[in-house]
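In order, the protein sequences belong to chains B, C and U.
Going by full-length UniProt numbering, 136 is the number at position 136 of the first sequence; the sequence numbering is gapless.
Going by full-length UniProt numbering, 171 is the number at position 171 of the second sequence; the sequence numbering is gapless.
Going by full-length UniProt numbering, 231 is the number at position 231 of the third sequence; the sequence numbering is gapless.
No lab work stands behind these hints, which were simulated from the structure alone.
In this text, all values refer to a predicted model and were calculated from it rather than measured experimentally.
Possibly wrong hints are sitting among the right ones.
Only pairs whose alpha carbons sit at most 25 Å apart, straight line, appear in this in silico DSS-like list of lysine-lysine [as the list claims (entries may be wrong)]:
1. C/LYS3 to U/LYS3
2. C/LYS151 to B/LYS270
3. C/LYS183 to U/LYS3
4. B/LYS363 to B/LYS389
5. B/LYS183 to B/LYS270
6. C/LYS198 to U/LYS3
7. C/LYS199 to U/LYS3
8. C/LYS6 to C/LYS97
9. B/LYS183 to B/LYS206
10. C/LYS6 to U/LYS94
11. B/LYS270 to B/LYS206
12. B/LYS363 to B/LYS135
13. C/LYS97 to U/LYS94
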Amino acid sequence: MKKLLLIVLMLTFVSSIVLSGCGTDSETSTEDTPTDTAEDKTKDEPVILDEADKQEPVTLTLRHTQIGEGKQSRLVLLEDAVADAESKLEHVTFELEAVDHEVNRFDKLPAEMAAGNQPDIFDLFGGTDTIRYAKADRLLPLNSILDELGLTDQFIELGEFTVDGEIYGLPIGGFTEGYFYSKPIFEELSVEPPTTWAELENIATKSKEAGYVPFAMAAQGAWVPMMTMNTLVGHSAGPDSIQGLIDGTHKWTDPEIVNAFEVLQDFVAKDYFKQGSLGLDYGEQRNQLITGEAVMMFDGSWTSSVFTDPEQAGDMLGDVGYFGMPGVPNGVGDQTAVNAGFSNGYGFSSSIADDENKLTAVKQFIQSMYNEEMQKRGLIEDNVIPSMKVSNLSGVDPLMSEIIEVMNSAGGAFPAIDGVVQAEVNTILGEGIQRILGDDVDPLEMLEEVQQIQEKANQEQ
Amino acid sequence: MNKTLKNPLVYILFLLPTILLYCLFMGVPVIQAFYYGFTDWDGLNPHIFNGLENFKEAFSDSDFWFSLLNNVYFIYFSIVIQLPIILFLALLISQVKRFKAFYKTAVFIPSILSTAVIGILWGFIYEPDSGLLNQFLALFGVEKIYWLSDKNTAMISILITNAWQWTGFYIVLILAAILGIPKDLLEQAEIDGATTWKKSTQIIIPLINPIIIVVMLLSIAGAMKALDIVWVMTEGGPFGTTDVMATYMIKEAFREYQYGYGNAIAVLIFIFTLLITGIFQWITKNKERIEY
Amino acid sequence: MKKIFSHMILMSYILVILIPFVFVLFSSLKENNIEIVTNPWGFPSTFHFDNYVMAWNNAKIGTYFFNSFYISVVASLVTLGFGAATSYALTRMKFIKLSKFFYTFILLGLVIPTGSLLVPLYKLITDFHLYNTHLALILPYATFALPVSIYIICAFMRAIPSELEDAAMIDGLGAFGLFIKIILPISIPPLVTVFILNFLGNWNEFVMANFYLSSEHLRTLPVGMVGFRDAFNTNYAQLSAGIMFSVVPVLIIYSVLQEKIIEGVTAGSVKG
Numbered sequence: 001m002k003k004l005l006l007i008v009l010m011l012t013f014v015s016s017i018v019l020s021g022c023g024t025d026s027e028t029s030t031e032d033t034p035t036d037t038a039e040d041k042t043k044d045e046p047v048i049l050d051e052a053d054k055q056e057p058v059t060l061t062l063r064h065t066q067i068g069e070g071k072q073s074r075l076v077l078l079e080d081a082v083a084d085a086e087s088k089l090e091h092v093t094f095e096l097e098a099v100d101h102e103v104n105r106f107d108k109l110p111a112e113m114a115a116g117n118q119p120d121i122f123d124l125f126g127g128t129d130t131i132r133y134a135k136a137d138r139l140l141p142l143n144s145i146l147d148e149l150g151l152t153d154q155f156i157e158l159g160e161f162t163v164d165g166e167i168y169g170l171p172i173g174g175f176t177e178g179y180f181y182s183k184p185i186f187e188e189l190s191v192e193p194p195t196t197w198a199e200l201e202n203i204a205t206k207s208k209e210a211g212y213v214p215f216a217m218a219a220q221g222a223w224v225p226m227m228t229m230n231t232l233v234g235h236s237a238g239p240d241s242i243q244g245l246i247d248g249t250h251k252w253t254d255p256e257i258v259n260a261f262e263v264l265q266d267f268v269a270k271d272y273f274k275q276g277s278l279g280l281d282y283g284e285q286r287n288q289l290i291t292g293e294a295v296m297m298f299d300g301s302w303t304s305s306v307f308t309d310p311e312q313a314g315d316m317l318g319d320v321g322y323f324g325m326p327g328v329p330n331g332v333g334d335q336t337a338v339n340a341g342f343s344n345g346y347g348f349s350s351s352i353a354d355d356e357n358k359l360t361a362v363k364q365f366i367q368s369m370y371n372e373e374m375q376k377r378g379l380i381e382d383n384v385i386p387s388m389k390v391s392n393l394s395g396v397d398p399l400m401s402e403i404i405e406v407m408n409s410a411g412g413a414f415p416a417i418d419g420v421v422q423a424e425v426n427t428i429l430g431e432g433i434q435r436i437l438g439d440d441v442d443p444l445e446m447l448e449e450v451q452q453i454q455e456k457a458n459q460e461q
Numbered sequence: 001m002n003k004t005l006k007n008p009l010v011y012i013l014f015l016l017p018t019i020l021l022y023c024l025f026m027g028v029p030v031i032q033a034f035y036y037g038f039t040d041w042d043g044l045n046p047h048i049f050n051g052l053e054n055f056k057e058a059f060s061d062s063d064f065w066f067s068l069l070n071n072v073y074f075i076y077f078s079i080v081i082q083l084p085i086i087l088f089l090a091l092l093i094s095q096v097k098r099f100k101a102f103y104k105t106a107v108f109i110p111s112i113l114s115t116a117v118i119g120i121l122w123g124f125i126y127e128p129d130s131g132l133l134n135q136f137l138a139l140f141g142v143e144k145i146y147w148l149s150d151k152n153t154a155m156i157s158i159l160i161t162n163a164w165q166w167t168g169f170y171i172v173l174i175l176a177a178i179l180g181i182p183k184d185l186l187e188q189a190e191i192d193g194a195t196t197w198k199k200s201t202q203i204i205i206p207l208i209n210p211i212i213i214v215v216m217l218l219s220i221a222g223a224m225k226a227l228d229i230v231w232v233m234t235e236g237g238p239f240g241t242t243d244v245m246a247t248y249m250i251k252e253a254f255r256e257y258q259y260g261y262g263n264a265i266a267v268l269i270f271i272f273t274l275l276i277t278g279i280f281q282w283i284t285k286n287k288e289r290i291e292y
Numbered sequence: 001m002k003k004i005f006s007h008m009i010l011m012s013y014i015l016v017i018l019i020p021f022v023f024v025l026f027s028s029l030k031e032n033n034i035e036i037v038t039n040p041w042g043f044p045s046t047f048h049f050d051n052y053v054m055a056w057n058n059a060k061i062g063t064y065f066f067n068s069f070y071i072s073v074v075a076s077l078v079t080l081g082f083g084a085a086t087s088y089a090l091t092r093m094k095f096i097k098l099s100k101f102f103y104t105f106i107l108l109g110l111v112i113p114t115g116s117l118l119v120p121l122y123k124l125i126t127d128f129h130l131y132n133t134h135l136a137l138i139l140p141y142a143t144f145a146l147p148v149s150i151y152i153i154c155a156f157m158r159a160i161p162s163e164l165e166d167a168a169m170i171d172g173l174g175a176f177g178l179f180i181k182i183i184l185p186i187s188i189p190p191l192v193t194v195f196i197l198n199f200l201g202n203w204n205e206f207v208m209a210n211f212y213l214s215s216e217h218l219r220t221l222p223v224g225m226v227g228f229r230d231a232f233n234t235n236y237a238q239l240s241a242g243i244m245f246s247v248v249p250v251l252i253i254y255s256v257l258q259e260k261i262i263e264g265v266t267a268g269s270v271k272g
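Model the full assembly from the supplied sequences, consistent with the hints where possible.
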């Protein structure tokens, strides 16, 4: 008898391990936290009985990247939208999970997409990321949903999230990139925001002489210095050059593009950037400006919320200004053009299409997240350029007004390189830019290698 | 003999769980690595067999060779630089009488901490502006060194951290062997008037040769699978100069959507590890050893 | 004289080990980055315990701690149970040839660099729908630890004299009874060793935990700490407090169990 008991025990142990490996994702994830599920059940049961509501509880996973102090206000907005959606659909819970922006975009999401186990809702970039995932049927097509919700015409621009006429993601806001600068140091050096390249160089030299770091930099993530490079290329080779790289009409080795990289190299040679930037994480870039170590910083408009938050901006509150990158010498095309777009937002897993309950929840999430009120709040509380048409733009803080002004007076726009070129090109290019910062490579040599990979990638498309 | 221990059903029952787990979570991935290593696969779309293409690519991929070189650098550092220090410190501890237990306990501490936490801790120490190391060196007038962001110092910085974590572990291993040497052997040497130096090099070290070989073998195996420490400290940066094979594999597979190629690298890691440890064991077996 | 010299060298090595901890401890109590930069060696001017409160709240250390503990214990227990049963069959049961084959087969696992399995295993974890569950870690952890555990336990069990079993068999014990009542109680020393060895290995594992889990409430301490660093890397005081939270409990356990731990961790290799 004892023997039998042991065999049974052993078998159930083994089979319980094997069994728990089966079933759907959502089931296993709840199974794994026995205490939570128990609580959930006791909470949910009375609701079901009281309302005679037969809908089963649904949990959607929502991956966002709003971690750290700099993204606090964005997190609040997301939490409010989720709370709103949950209050309208009693049986639905959104389970938020925060992951670092770079970890999500470059490690976790690609790996999950490959395996097909992406979260239900996730932070997504338009352009190449969206194209790749959409072509592998990992993203939920949104055209009919947007029509149903009457939102189709409400977005300013969905191009980066559109693949073959179908929309696969919704931008949370727009962005532009330019120079943030420290007003007190500009005053101290008695300089004005530059309008020509010579003036910019002059400020850099003066800053250096006065013992400041001319340009803040934190280049552990290659995309950070790539922002500067992006606009340099756009100015030097013209606004159409970036798209031209994948159409084959432009090459990385074109003299105008090489010229852009030589400008960066020249900055490095003149010690204009923060030393040791290759070991610094993105968050430290703005800190160099806030602590008064650096004078200027090339960054995205999303950063501006940091400078208007007393907690984070400290003494620099209200003391940060913004100007667009001046035209580069011998630049092609309109030199007031800016890097701008609507490329970061949320995408949804294609698996949702098969689950009526989740689909309803996603629709509600879209309604709660993408509406005029949230967009207005995003603009006021988080300094994010609305991605939807907002009728009343009042109440914007001065720094944000400066940014919008630069955008309004821009004679054109060009996209972010990392949203256009293929992943493998982006990697080699990012590494190349880091090499230039580390004074490890000749730009032309590096660009020849990038062009090779670019041609190979273009062929494969 | 009795039948009790010859019941095949019982035998299978005792073995089955282990064999099941083992085949499932080690056997299958190994086979899969071989299988997908011969395919062109981006992880998203259907895979296509491409024969030896991935391996050809690896052999002409200078970044891959560079990452392998970093693994070799790991081995070199642990055997040529770390091992003498380990031996020296272990001998010192074995010869003192007071605080022996304290030393043993203290040196071991870093080995029980998580590599991830150690990576964070040392990132803090290497921080150029406020980090402990630069602040210390500044006392001697040394200029700021950008430890983890300069291609010339990044790898050595990781190696030092790795050494900091594991030196104590190996000291304790060697110490155990030294303390296990029969007393009379050492006493005899002292009667013969051997100096400490002579006693150490001519008696102790030859006697603990087997454990030294184990330490070397463990160092090699550890170096070949180095991953956590690099991922946490630099993720292979600046610009890939600290990539080891395993980090390069992850980047290729996940970041560049080269699943087939990533699996091929996994296969190459097995093969190189087997080769290097095999060669090492062959060399050490062919060398004469003094037994006691 | 010579002894003093030896002690000086050893003490300076101990300093190299301990100073980083002291630095982090001091930093964790300082007001902000400025105080850390301007006064790196000094004692904090006033104790800022609020860093600890903020780190605890921001980093969800409690959750991560529990997860790490739970995963490490369960995985180590699975390894222990399966490893002991297998070792018993391999060393005490009379299937000599088969046992030799299985033993060699299992020990093959010792030479597989587990890090290289990360990518292929990712697909397997997904196919079994284990992604983002604790089983995605528990099962691989338990498996990867089996070869070395079986190696250690077998070495011990092989040396048990068969007279003990003979006597018990006369008393009417079967194979299971022998295992539970005779062999297991004798084998407690290597089992404790194996448990500690595996527990520490699992507790410290980072890369698999980083890739196989996604939800915040499931994350382990190493992953949580790295995420915390990524989010708060400009706030050294708070980061230091976070490091203290993850280090101190381990140090406390170590100070209590140090003999056993050292024995456990080293046994895995000495006997190799």
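(message) Under the constraints set out in the numbered hints, which ones does this structure not fulfil?
(response) Of the numbered hints, 1, 8, 13 do not hold.
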